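Enquirer: Could you put the whole structure together from the sequences, leaning on the hints where they help?
Protein sequences, first through last, are from chains A and B.
Take the first sequence: its letter number 587 is residue 595 in the numbering used here, and every next letter is one higher.
Take the second sequence: its letter number 770 is residue 778 in the numbering used here, and every next letter is one higher.
Incorrect hints may have been included.
Same chains, same names: a pair is fine if it fits in one copy or spans any two.
[Stated by the list, open to error] For lysine-lysine, the following BS3-like pairs were computed, each having C-alpha atoms within a straight-line distance of at most 27 Å: (1) LYS648 - LYS637; (2) LYS666 - LYS401; (3) LYS171 - LYS188; (4) LYS838 - LYS714; (5) LYS337 - LYS170; (6) LYS838 - LYS808; (7) LYS367 - LYS275; (8) LYS666 - LYS637; (9) LYS637 - LYS234; (10) LYS648 - LYS660; (11) LYS156 - LYS234; (12) LYS306 - LYS660; (13) LYS637 - LYS660; (14) LYS413 - LYS88; (15) LYS13 - LYS337; (16) LYS275 - LYS27.
Since the hints were made in silico from the structure, they are not lab data.
None of the values given here were measured: they were computed from a predicted structure.
Protein chains: 2
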Amino acid sequence: MSKSKQIYMFAEGKADMKKLLGGKGANLADMTRLGLPVPPGFIITTESCSDYYRHGEVITGELKQVVFQALAQLEQQTGKVFGGEETPLLLSVRSGAYYSMPGMMDTILNLGLNDRTVEGLARQTGNRRFALDCYRRFLQMYSDVVLKIGRYHFERVLDNLKKTYGAASTQDLPEEGWEKVLQRFKDIVEKEAPGGFPQDPYRQLIEAMRAVFASWNNDRAVVYRKLNRIPDDLGTAVNIQTMGFGNMGEDSGTGVAFTRNPSTGEKKLYGEFLFDAQGEDVVAGSRTPLPISVLQDKNPQVYGQFTLLCDILEKHYGDMQDIEFTIEKGVLYILQTRTGKRTAGAAIKIAVDLVGEGKSSKEEALLRIDPAQLVQLLHRRIDLSQTPEAMAKGLPASPGAASGKVVFDADAAEDKGQEGQKVILVRSETTPDDIHGIVAAQGVLTSRGGVTSHAAVVARGMGKPCITGCDALRIDPRGAFFQVGDRVINEGDVITIDGTSGNVYAGEVPLIPPLLSSEFKQLLCWADEVRTLQVRANADTLKDARKAREFGAEGIGLCRTEHMFMETERLPLVQEMILAETVEERAAALNRLLPIQQADFELIFREMAGFPVNIRLLDPPLHEFLPDKEELLVQVACLKERDERGEELQSKERLLTKLRSLSEQNPMLGHRGCRIGLVYPEIYRMQVRAICQAVVSLQQETITVKPEIMIPLVGHFRELEIMREIVLEEASRVKEETAARFDFTVGTMIELPRACVTAGEIARYADFFSFGTNDLTQTTFGFSRDDAEGKFLPFYVQNKILPENPFIVLDREGVGSLMNQAVRAGRSEKPTLKAGICGEHGGDPGSIEFCHRIGLDYVSCSPFRVPIARLAAAQAALGKRSEQEL
Amino acid sequence: MSKSKQIYMFAEGKADMKKLLGGKGANLADMTRLGLPVPPGFIITTESCSDYYRHGEVITGELKQVVFQALAQLEQQTGKVFGGEETPLLLSVRSGAYYSMPGMMDTILNLGLNDRTVEGLARQTGNRRFALDCYRRFLQMYSDVVLKIGRYHFERVLDNLKKTYGAASTQDLPEEGWEKVLQRFKDIVEKEAPGGFPQDPYRQLIEAMRAVFASWNNDRAVVYRKLNRIPDDLGTAVNIQTMGFGNMGEDSGTGVAFTRNPSTGEKKLYGEFLFDAQGEDVVAGSRTPLPISVLQDKNPQVYGQFTLLCDILEKHYGDMQDIEFTIEKGVLYILQTRTGKRTAGAAIKIAVDLVGEGKSSKEEALLRIDPAQLVQLLHRRIDLSQTPEAMAKGLPASPGAASGKVVFDADAAEDKGQEGQKVILVRSETTPDDIHGIVAAQGVLTSRGGVTSHAAVVARGMGKPCITGCDALRIDPRGAFFQVGDRVINEGDVITIDGTSGNVYAGEVPLIPPLLSSEFKQLLCWADEVRTLQVRANADTLKDARKAREFGAEGIGLCRTEHMFMETERLPLVQEMILAETVEERAAALNRLLPIQQADFELIFREMAGFPVNIRLLDPPLHEFLPDKEELLVQVACLKERDERGEELQSKERLLTKLRSLSEQNPMLGHRGCRIGLVYPEIYRMQVRAICQAVVSLQQETITVKPEIMIPLVGHFRELEIMREIVLEEASRVKEETAARFDFTVGTMIELPRACVTAGEIARYADFFSFGTNDLTQTTFGFSRDDAEGKFLPFYVQNKILPENPFIVLDREGVGSLMNQAVRAGRSEKPTLKAGICGEHGGDPGSIEFCHRIGLDYVSCSPFRVPIARLAAAQAALGKRSEQEL
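Expert: So, in structure tokens, the structure goes:
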């Protein structure tokens, strides 16, 4: 038996008791303490709900006893009597969990009515129609929530009677009609659940409590919690409150209002109101609610009171509120207040405005915005108010939305692109051969591949929308169409893709451009004052670098050189280099790549003048630059089958042989990263030379360059020791040749568990560590991201085997623990060691908080996430500060 | 300038100064202290050699000074004068490193001779022929070692003069001939290196020292060190010793002897001897040495002295010795002694015999055998005395040797096998379809794949010899032949493969059966008394289990269930299960697999009665049980090209679709291990049921079964928590159905870095941890073993980027550190946690020592390595003890 207090009168509760009283209850208690007009009531705690489940879904005698005691207190407070025939006390019984789960759980109003008390209410109020309305509402809700009788039974009765009496709405029925409604409702209950409706108000109350407890586990609530990652064991509180009646005539009513516009953030009351109605009418849609401004016209006095209350509540909670209220014969009651949900744009405007109005501090403003929400504002996006139904859904591989005509190959994309047409490249998957098509397209849609597939990586790099793994698509490139179910989309048809959600739409869907309001800039400015983490961007191209600076990146944390290798004009040179059979042939190809790479670096360095640029030397396995093996295999088989044994077959067979010798069972764990640099040092030498020559060339323009040269995939200190030697040697040669002086640093990506475990040794040869948490997550978990995300990972997350997708939210216990170990060991060997993160987690707010905590110097993320990271870094700094203060 | 002592007189050195004095020097010093007949001398330390390299390959004045001082002492001791014309002191100058590097570095004898001292020597000895012989030997060796003049110059002169004088050997030349030899030798030196030969003995000595220091880095020595993993920075000592002359006539001579037979271990002097000769004659091959027994006949007195010395040295060093000696006019001198190299068989016999003779303790015997060497004795092997040249070399994938007729497909192998023929299955690579062929074959040879390829894994499982990745093979299965270079081997031709070395031989090569001598058994018996680590075997079949018991395994540490799935008659059922489109279809296939699995387990449990059997539930990705995708792709392409669009195409396309949906970018990191058990719990349930029913069935025969159920690839405690629940549930069902009672444990393989890092949480749900160090090494390093071993890993080891192949020798700093972390965390959560290792490292002696050190309870290895592991475990226990004693 639980010994803790199971019931709190509103006057006993406090705002910080949300866990115990639920959000609604805690705020009702808080407002009661403030002296605001809240109908009196009490709260049954969430712990009682847990007890209920622990005790085999039984309401204990003990609980009943304290509820009845609280009820007696209510009777005293209100002067009404529960079940009394003269002044009957009516109650609302509502759920209220720690996390708001709007509409997910059940509510019963007007509880306490029966065949006798309804007449008492009629007498007391002198309004029999009102009393009957209350009774039929109660019957209807009780039947729904407690007895589980389908609503349509009752709705049909109401519809029929409205027709019979020619009434536009239920409220327009004559008293005689109400009598009939009630009689027929009772008939329904008698038929569907014989003896189910108790005349005894106490039994009504117990059954209603039981129903609210049970609603914690109704299907809707369970699904909602799963979707929103809310723990299943919290339970719901039950709020039992004296009714305020909005349905006592035209001087009464009920409404819901936001203190500011939740879409735009504009400081103007925003809400809906119904005269002569109870709460559920506003939501139910049977009557169309009026804008709140109508109340201003009809009852300026009450409206005035309401706006004052809104202001008080905003000031008190320091944030925009979402308020339910009722007016009973001209008297205003607040039934609920909570922080209102809002769009990202509104969130920012409100936060900044509140600071201006003195209702909140800058720190509060910074802490109030959910950084993840900002992603909406940083890409073109679907106009949610006008969205048609999605045709298919794939993996959200690169955020943002785009419309265009469907094309099925890269050449067509390029042709149409040059004609100025907007196209979406649709393929089963993309290869390096498709780069020019991706460049020309507005976005990419593939039926296969995960969020690290070629298409995804390239599109993200270019900041283009991309959806991958959309397996509902059946693409027939020869027929130049694709199908989704029975629907056929031909080449040239327009589709819209939303890479933020993964939705594919037929036709053109209106898009909203990215919003960078002055308030947004203001907020980021405040964030920059507070944060201690540096924020950099991952950028491989001039365009990315420019976008990064525009969004406030303080340098580049990861410049991948492989994308430079993949661009159309270079790919043949790269392939030549790979297929070279002698060192001389390879040297020749590399010599031709050198000036191209140098030019790439010059562009990026110029854009990032004065800021550090971290360049990762070539990382992917070489076979990624060659054509697809399966296709080639089929081509060779076909040529042989046709007995065409000419030169084409020979050259394809040669290529196939090379591909076979390069191809790997597990390329993720294969010959890549510094393993390439060690076996083919000439490739890395060329890249180092290109970097150094670019530095020298920009020095002549008096542009300051701060290059950081990063060796990928180091697992053993010897790898870095040797590579560092090679880098220093090549740089010295350039210095000698040019008689220039320049500084740079050499470090490594920490992306293997072994690198973390032996970080002390590695630090001896590193000026910096950059955590590559994508690969580190793959190797720590033993997950191939490409495979896992298409296969078992969704199952894992859905079935709560893992709390989150660890590729999105950093796994602190595993990967994070290794990172922490590495930072400690690295710094203890070399206190000046710079440490950052350049995996995708560098743009995830929760992960940024962790990076701050373990003492990283910077995070680096996609340019589009830089503002998110700036805010998250500020929040991390504030969180830390407040932790220290506590 | 180095302050430490650079020179040790023999009487100053000690046996434990090998690092400083080299092996040869330390033993010479030691023997001198013992009072044995060693010609006096001194040692220049290995540190001086390092100094020499540090100082730019210069012999410092300081070093010269101390050498000359030591020389003065020698003069006093011997009463001879270096460079003296009356009693000239002659020296041998020999290298001597810490690790014995026989024949790799240089030696100069008779140093100190010049045109004047040679006459003094002649006078002093009254033997001018002898003096001239010494001088020509010195000229020849000095020219070779210091002046680098090709030996053939000198050999030609000797040959010509032998012809002229009709002399059978150089020793038979008349004095006049010797004069000519000397003159012509001087002419050669004058021509090839004018002024190169110094008459000054002091200069001779300095140049000889320089040459010995330099010989540390000659090509032979560098290659030898690389092959034997000897560090490059140790340097060599220089031994400068008074000459003992074996070339003073028939009462003189020189020889090399082992105190026991190094091939068989027999306790009988074994060696070679030459009368009237110096050391190099025995090695050079210009004269054929005589067996040492000849000495017994010719000079029984000296022979008697020598056997006594041998006995003293054996007793002193507690081991069989390899001794160089010289007899100068009937007086015996020992020039060198060292522990003699021997075969594995001899090693065991000698060790055990020495204990019997009271020359060594059991502990010393155990510590003396290199466990790795035992592998020779545990498989059939090539008779090294008769080995022809290998035709090709691949990866040594499964040890042992076998001969048989070449067949190119599994069906042919099975057919011929049933006819009683011995066959070797030769394929580019094998798939599960080939299992019946592997079963029927004596061994497997593939041109592709690494040492964890299908062929390798299966062959090792079956204990059959296998060579993989033998890329010199060009196989034409249609033509029924393969080529190596120009050589063609047709189907039916006999070849021999040696899976221990990777060598492929044409024809049948004599093989030696495994040797399990009584001494071997005795040694293992002693090992068992000492060791604290339990030794188990990895065994999937009855045959393996039987072999495991035979070799003394105390249970099974890893019984993989996938090989049971792959056997010919089951594979179709397994495929049916995988291709099932409904749960019912899958259930039906599983129901038919159940009795088969149960029977498998019964066989193994019966064999292992009373011992624990650790069964790993299904681990590999499901696509491993389906046909090869590439082949299917080509087949489909060909059918389409031929426009054969019938049923065959349809069914193949269906299969291809399934394969595509199952195929993965990185199967090693894909949907396997418990990820299969979580998504398809019915598969694991069937396996658990099969285990439990087998236990119940054997209980009826009163056989004790100790099953351990192992969940593979756990990375997050939730995975184990859920799987454990399923296992317990299924076991309870069997208990209920059968009313039987039985115990079992549930644990997990620790094979992911995350499992190590979060081992504390995981231990809550585990009765045991079994380290799967193969996969743990792959994920910790980010190495795909299949890819790495064929590509960059050999490069890494050769270039000393990694000290060893971490798949063979456990990487203590990385993988080992994670294991240690896991054991600590696991035991601190659950002190009773049992911990073992079942990766291939479980059979590697060095790794076993590490396992002992971090407190594992057992190691598990292939049945054939069980004796090795027993010995290694004993050594680990002894090592620990002696560490504690120190």
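Enquirer: Look at each hint and say if it fits the structure.
Expert: Hint by hint, here is what the structure shows:
no., hint, verdict
1, LYS648 - LYS637, "both (16 Å within a copy, 19 Å between copies)"
2, LYS666 - LYS401, "between (38 Å within a copy, 22 Å between copies)"
3, LYS171 - LYS188, "within (13 Å within a copy, 142 Å between copies)"
4, LYS838 - LYS714, "within (21 Å within a copy, 51 Å between copies)"
5, LYS337 - LYS170, "within (26 Å within a copy, 139 Å between copies)"
6, LYS838 - LYS808, "between (40 Å within a copy, 25 Å between copies)"
7, LYS367 - LYS275, "within (13 Å within a copy, 99 Å between copies)"
8, LYS666 - LYS637, "both (10 Å within a copy, 19 Å between copies)"
9, LYS637 - LYS234, "neither (41 Å within a copy, 38 Å between copies)"
10, LYS648 - LYS660, "both (11 Å within a copy, 20 Å between copies)"
11, LYS156 - LYS234, "within (24 Å within a copy, 82 Å between copies)"
12, LYS306 - LYS660, "neither (83 Å within a copy, 76 Å between copies)"
13, LYS637 - LYS660, "both (11 Å within a copy, 20 Å between copies)"
14, LYS413 - LYS88, "neither (69 Å within a copy, 104 Å between copies)"
15, LYS13 - LYS337, "neither (36 Å within a copy, 110 Å between copies)"
16, LYS275 - LYS27, "neither (31 Å within a copy, 85 Å between copies)"
Going through the hint list in order, the structure does not satisfy hints 9, 12, 14, 15 and 16.
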